[in-house]
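**Q** Heads up: the sequence lines are chains A and B, in that order.
Going by the numbering used here, the first residue of the first sequence is number 1, and it counts up by one from there.
Going by the numbering used here, the first residue of the second sequence is number 1, and it counts up by one from there.
By construction, these hints were calculated from the structure, which means they are not laboratory data.
Please note: incorrect hints may appear among the correct ones.
To be verified - No more than 25 Å apart at the CA atoms, straight line, and that leaves these computed lysine-lysine pairs for PhoX-like:
{"id": "1", "chain 1": "B", "residue 1": "Lys459", "chain 2": "A", "residue 2": "Lys185"}
{"id": "2", "chain 1": "A", "residue 1": "Lys38", "chain 2": "A", "residue 2": "Lys2"}
{"id": "3", "chain 1": "A", "residue 1": "Lys21", "chain 2": "B", "residue 2": "Lys262"}
{"id": "4", "chain 1": "B", "residue 1": "Lys328", "chain 2": "A", "residue 2": "Lys187"}
{"id": "5", "chain 1": "B", "residue 1": "Lys239", "chain 2": "B", "residue 2": "Lys25"}
{"id": "6", "chain 1": "A", "residue 1": "Lys197", "chain 2": "A", "residue 2": "Lys22"}
{"id": "7", "chain 1": "A", "residue 1": "Lys97", "chain 2": "A", "residue 2": "Lys43"}
{"id": "8", "chain 1": "B", "residue 1": "Lys328", "chain 2": "A", "residue 2": "Lys186"}
Stated by the list, open to error - Examples of chain B residues lying across from chain A (beta carbon under 7 Å, computed):
{"id": "9", "residue": "Lys79"}
{"id": "10", "residue": "Ala80"}
{"id": "11", "residue": "Gly225"}
{"id": "12", "residue": "His259"}
{"id": "13", "residue": "Leu263"}
{"id": "14", "residue": "Ala264"}
{"id": "15", "residue": "Asn268"}
{"id": "16", "residue": "Gly272"}
{"id": "17", "residue": "Ala273"}
{"id": "18", "residue": "Gln276"}
{"id": "19", "residue": "Thr362"}
{"id": "20", "residue": "Ser364"}
{"id": "21", "residue": "Met368"}
Each residue gets a CB set at the ideal place from its N, CA and C atoms; glycine is no exception.
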Amino acid sequence: MKDNIRIWFDSLASKKDSIEKKPDEFDAKKLVNIYSIKTPYGKRFAPEETFNIGKLDSEKLSPPYVLKVCSSDILHKTEMQGVLLNIDKESVKNNFKTMQSRFPDKDILVENQTDFMGPEFIIGIIKDPALGHAIMVGAGGVLTEIYKDTSFRLAPCSVNEAMDMIDELVISPIFENFRGIVLDKKKLARTISQVSKLAHDIGDELSQLDINPIVFSKGEWIALDVKVVLEK
Amino acid sequence: MDKIESLQNLLDPKKIAVIGASNSKEKVGGIVFRRLLGSRRRLFPVNPKETVIEGHKVNSDISSLPDDIDLAIITISAKASIQSVESCIKKNIQNYIIVAGGFAEVGDVGIELENRLKELAAEHNINILGPNSLGIFLPDENIDTIFVEHGDKALDRNGRVACIVQSGSVGVEALGYAANTGFGMRAFVGLGNKCDLDEIDFLHYFARDEKTNCLGFYLENIERGRDFLQLAKAVSKEKPVVVLKAGRTKTAVSAVSSHTGKLAGSDNVINGAFRQFGIQRVFDDEEFCDATKVLSMLPGAPGNRVAVLTAAGGYGVMCTDFIEKEDKRAALTMAMLSENTKKNIKDATFSFTACENPVDITASADDMMFSLSLDALIEDSGVDIIICIAFFAPPGITENLIDIIAQKIKKSDKPVIVFTKYGPFTDNSIKNLYYAGVAAYPSVGRAVRAARFLVERTKIKKRLGLEI
Numbered sequence: 001m002k003d004n005i006r007i008w009f010d011s012l013a014s015k016k017d018s019i020e021k022k023p024d025e026f027d028a029k030k031l032v033n034i035y036s037i038k039t040p041y042g043k044r045f046a047p048e049e050t051f052n053i054g055k056l057d058s059e060k061l062s063p064p065y066v067l068k069v070c071s072s073d074i075l076h077k078t079e080m081q082g083v084l085l086n087i088d089k090e091s092v093k094n095n096f097k098t099m100q101s102r103f104p105d106k107d108i109l110v111e112n113q114t115d116f117m118g119p120e121f122i123i124g125i126i127k128d129p130a131l132g133h134a135i136m137v138g139a140g141g142v143l144t145e146i147y148k149d150t151s152f153r154l155a156p157c158s159v160n161e162a163m164d165m166i167d168e169l170v171i172s173p174i175f176e177n178f179r180g181i182v183l184d185k186k187k188l189a190r191t192i193s194q195v196s197k198l199a200h201d202i203g204d205e206l207s208q209l210d211i212n213p214i215v216f217s218k219g220e221w222i223a224l225d226v227k228v229v230l231e232k
Numbered sequence: 001m002d003k004i005e006s007l008q009n010l011l012d013p014k015k016i017a018v019i020g021a022s023n024s025k026e027k028v029g030g031i032v033f034r035r036l037l038g039s040r041r042r043l044f045p046v047n048p049k050e051t052v053i054e055g056h057k058v059n060s061d062i063s064s065l066p067d068d069i070d071l072a073i074i075t076i077s078a079k080a081s082i083q084s085v086e087s088c089i090k091k092n093i094q095n096y097i098i099v100a101g102g103f104a105e106v107g108d109v110g111i112e113l114e115n116r117l118k119e120l121a122a123e124h125n126i127n128i129l130g131p132n133s134l135g136i137f138l139p140d141e142n143i144d145t146i147f148v149e150h151g152d153k154a155l156d157r158n159g160r161v162a163c164i165v166q167s168g169s170v171g172v173e174a175l176g177y178a179a180n181t182g183f184g185m186r187a188f189v190g191l192g193n194k195c196d197l198d199e200i201d202f203l204h205y206f207a208r209d210e211k212t213n214c215l216g217f218y219l220e221n222i223e224r225g226r227d228f229l230q231l232a233k234a235v236s237k238e239k240p241v242v243v244l245k246a247g248r249t250k251t252a253v254s255a256v257s258s259h260t261g262k263l264a265g266s267d268n269v270i271n272g273a274f275r276q277f278g279i280q281r282v283f284d285d286e287e288f289c290d291a292t293k294v295l296s297m298l299p300g301a302p303g304n305r306v307a308v309l310t311a312a313g314g315y316g317v318m319c320t321d322f323i324e325k326e327d328k329r330a331a332l333t334m335a336m337l338s339e340n341t342k343k344n345i346k347d348a349t350f351s352f353t354a355c356e357n358p359v360d361i362t363a364s365a366d367d368m369m370f371s372l373s374l375d376a377l378i379e380d381s382g383v384d385i386i387i388c389i390a391f392f393a394p395p396g397i398t399e400n401l402i403d404i405i406a407q408k409i410k411k412s413d414k415p416v417i418v419f420t421k422y423g424p425f426t427d428n429s430i431k432n433l434y435y436a437g438v439a440a441y442p443s444v445g446r447a448v449r450a451a452r453f454l455v456e457r458t459k460i461k462k463r464l465g466l467e468i
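Looking at chain B on its own, in the form it has when it is part of the complex (with noise of 0.2 Å):
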């Protein structure tokens, strides 16, 4: 079994012992043993001090535990964890998860410490993932060793985006914002210190798994550049690869000396180095979430000819604007109606319904109006994508429309993204679109956005493709 298949027990174990489980709901190991009470594995909780948690006999020390336990998490501090994974290799246990800090992070001693996990690493075959790692999280596997809140409970099933982040708050905060409006997690994996496991393992593992369809990075450093880089553009000729890069090193004292030295910057340079392997670049966590759920849910778009139906002018204006700004990730152009169109929707809606694009069906349009409309959109070969501004208003527009486009979507090859806003249920709207198989947002700019993810990730296909 080669490094990537072995993983597969890491995210998917049958047998966990959690070193420094405990009955203190404060501590880290109490609650990661909680969480792990839904996940129908066999639980071996391992602590000196404690003989009974949650109804689980408890082992006294490592060296009690059976031969084939598939994954140790070691809750405990530092300095413990290392002797910990030392006897732990000694009951053959092939794979860690290390949630302390006061590593590397930490200055000298702490960089002695990671160090040592570092060699045993290399030494025996086994995957450490962090230390300082947030833990995973696979909702379809029911394994949950996050122990921070996060939003779990509003995640969908089948979800198909994994998440691989270097930090853990900003991790858990695109969960529980992923969350609050729909989101289909198919792995989430904090990646702490990185050291033995990092973002090219998960890189190989998580392309080749079959439920994932969208792979998402939050990175700070990235281990062996070149490398991220060539199996990204692999990866991505099948599977969009986002990635937020955060921080910007230095260029060298030693580049100063020229132009292109003064004009780089590391920025300018992964931008460029990300375009040309197929990346598809973010800036937060915001629009690290709203690129990995268009890119999950769409394939693509034909082209960049930008539809916008709505049932409120101001939002139209707004949105063609939004459309015809210069944008250095994808051009979109407002498209050209044909006559059949204009004439349909006039006949599905009002003689003075505005038929040019943004097609404005006024707020006394009612569902099966936005219908019929939205047919005469898809039907028009000028147009590649259609954004609609749907605001549920009873009892023009209800929250049936909800369904009625999400069965237009299915059947059209063209991508529909919608944006709506209704007041203080917006992201239960949005969550509503979501679980019908809609992608939404809730502002023009991010609708408009995400129009441009499928548009430079149908780029990246073509040019891709043209290289083989």
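Just chain A, with the same shape it has in the complex (with noise of 0.2 Å):
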């Protein structure tokens, strides 16, 4: 195992609640960073933390805000009001004692909100009972699960191997300059290829990662929320 995915584990055992090591959205995306897969800006409260607009500018987060409740056992955090857009500068401080009413006891994170065009993506990685990792990506969002528009390859996988996933694709055309979307699919096949790498390198301790969704900003592509599930 790489040495910064060991670290990236040992902080999980750090954790002081959680000694069952589950990473939360902050630590999911602390780990997809480390294959240079890019996440927005943001920093992580703990429970007891009381919030500071200073804090904040230094840590080099500028509005509009994204607030959400951070906790590995929240699974839909939308449906549960853990999820707050489009916060100003001036309600941010409201917003915050919003969510830590609704979550007292969960970490809250504070997030740069990222602007984006065209579709969202998901990404994500599963383990085959006969073999092994798998990496999916296919048309994203909350609404991913109807559109069932997806396709799947054994990691690791290639970049030529993720830009066959992608032409595989019904969505597929949107990257042909469909109505003036432009989108970089050589970057997105590249992203998909370092997450199965990712999967690979951590073998068999990770049950599953979504990455859900993922979408194109200022000629990156943007994990937006992580989900990682490590075997018990």
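Since each chain sits alone in its own frame, please combine them into the complex, following the hints.
**A** Structure below.
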């Protein structure tokens, strides 16, 4: 296992309330960052931590903000009112308090909100009982399970193989400058290949991974939400 | 000799012992023994209750066999099989085909018996095919141990497809089907329960076998999945690998807490994995035979632009629909014919011939018109594949067309696939076309699908070639 992955696992183990070493969204994002996958700039606040706007500025956070409940126990944040979007500087303090009162014992994640064009994608990893880790790319977002527009390969997969995966999607014509939308297909393929390497490097300990959505913003693919499930 | 090389003696044995050979024509031991009579191999029946079978002196026990037997075919019950294998090992017999069922597929008692076979295979330098194996059939080698009726007589010699099947009945039906319409079988291997030899061993073996140019597998579970895929990828650079994978395994329970887990299903993973590793996937026995047939007869397709030549307008239109239908396996497109091609076809046929693709030379056409039109299409650089819709309706179009098309195909570097129907004689027409070297199918959909297999094959070769 790579050194920086080992360090990541160590950081999980040192989390005080996390005996089961379950990674939350903030941890999961740190993991994909190791593989050069970009995530919005953000800061995680512990439950007892008080909100301080000065702290936000100094952490390179700027409005509009996104506030998210940050816990490995919550599967669907949106349904539990655990996500607040488009928060400006003036209202951030109150909104932060609202979140803390909704989830008194959970961490809160404050992030820069990402501006993006074009559709949302999903990149995921599962462990097939017979064949091991498989990587998926698909039309993402909250409706991903309705679209079922996905394609799979075994991990690790090359950039060329990832290009084939994208080509298999119903949504793939979006990369042909559809209605003026400009998306970098090769960069998405590189990201897919990187995620597959991550799964391959971690090996058996990784059970599942979802990056959903991943969006194209200012020339880069940004993972807006990342979920990692480790084997128990 | 490594394990794979040693399979030569399993598939082409000189001396064969049949344990449980019988005078009864109903018993498996009786059927298998009689099948082998035509093999021109030395046969050694073993059965304490028999003295002579079909003129062959019967050995009363295994210990009285000579020391240089290549293959023992065990046709007795599951429980008795174990003891027989143990005795055969003492006689240094290396290869076994175990026919009996009643092993792991029936539960605990059977699992115990099968584990014993696994132990024997692991402890000794032996190869066991089965148990619950349908047997082997290599037409060129005159070896046939399959105890149920199959279309052996109708299968062509010099066949080049190796079929490795896990299930007996699917295998036999595929054989029968293939035989009816012409099919070149190099080898048929019934894997059965795979206590020792499995698909990877035979993938290795037939990849090296010079007489094989296409491998087809029917599998319900893939042992050592990653190893199989890796090897298939290496093999498919040289020879097409077709897999019919039946049975969908459940996704692990742990995988349902993510979107990906919900979207996966093992079938999607298999689909992706097969594409990644250069395997061409099929979904039933008909498709299995259709794919292996065309892939063993034609090397691939230079591109995906299809020209359709027909004497029956309706089928031309239908064919166009099938070609333009979206298909993830391989996209096909209707070729744009050059002005020169259109002129040549008109000159060869009628001034009213519809020369836009599909080319409809009408029911008034004769063999010569069909032939010259085919020439024009083969010569058109905008055409990669030709589908001929040939209905043998004398006096215009006759069965002479078979030889005409065959001659042209031999000279052409573009694949030509034929769709034909001839009422109750359809199978026979297709078989005659096969013997002339032409891949033909009895429906528009299957002819077009065959074209897709060729395009898919070329895509795989290109993709795997790029990665070296």
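**Q** Taking the hints in turn, state whether each one holds.
**A** Evaluation of the provided hints:
A distance of roughly 20 Å separates the Cα atoms of lysine 459/B and lysine 185/A; the hinted pair therefore holds under the 25 Å criterion. Distance hint between lysine 38/A and lysine 2/A is fulfilled; the C-alpha atoms sit about 19 Å from each other, no more than 25 Å. Restraint check: the Cα-Cα separation between lysine 21/A and lysine 262/B comes to about 24 Å, which is no more than 25 Å; the hinted pair holds. Taking the CA atoms of lysine 328/B and lysine 187/A, the gap is near 23 Å; set against the 25 Å cutoff, the hint holds.
Annotation: proposed proximity of lysine 239/B to lysine 25/B is violated, straight-line Cα distance about 40 Å (limit 25 Å). For the given pair, lysine 197/A sits about 21 Å from lysine 22/A by alpha-carbon distance, which is consistent with the 25 Å threshold. For the suggested pair lysine 97/A and lysine 43/A, the alpha carbons sit about 16 Å apart, so the restraint of at most 25 Å is met. For the given pair, lysine 328/B sits about 21 Å from lysine 186/A by alpha-carbon distance, which is consistent with the 25 Å threshold.
With a cut of 7 Å, the hint placing lysine 79/B at the interface with chain A is violated, because the nearest CB-to-CB distance is about 31 Å. The interface hint given for alanine 80/B is violated, since its Cβ lies 34 Å from the closest Cβ of chain A, which is over the 7 Å cut-off. A hinted interface residue such as glycine 225/B counts as satisfied when its beta carbon comes closer than 7 Å to some beta carbon of chain A; here the least separation is about 5 Å, so the hint holds. Checking histidine 259/B against chain A by beta carbon gives a least distance of about 5 Å; that is within 7 Å, so the hint holds.
A cut of 7 Å between beta carbons decides the hint on leucine 263/B: the least distance to chain A is about 5 Å, and the hint holds. Because the beta carbon of alanine 264/B sits about 5 Å from the nearest beta carbon in chain A, less than 7 Å, this interface hint is met. Hint on asparagine 268/B holds. Least Cβ distance to chain A is approximately 5 Å, under the 7 Å limit. Of the supplied interface hints, the one on glycine 272/B holds, with its beta-carbon coming within about 3 Å of a beta-carbon of chain A, less than 7 Å.
With a cut of 7 Å, the hint placing alanine 273/B at the interface with chain A holds, because the nearest CB-to-CB distance is about 5 Å. This hint holds: glutamine 276/B has a C-beta 5 Å from the nearest C-beta of chain A, less than the 7 Å allowed. Violation of the interface hint for threonine 362/B is found here, the shortest Cβ-Cβ separation to chain A being roughly 39 Å, above the 7 Å cut-off. Hint status for serine 364/B: violated, given a least beta-carbon distance of 44 Å to chain A, over 7 Å.
For methionine 368/B, the interface hint is violated, since its Cβ never comes within 7 Å of a Cβ in chain A; the closest pair sits about 44 Å apart.
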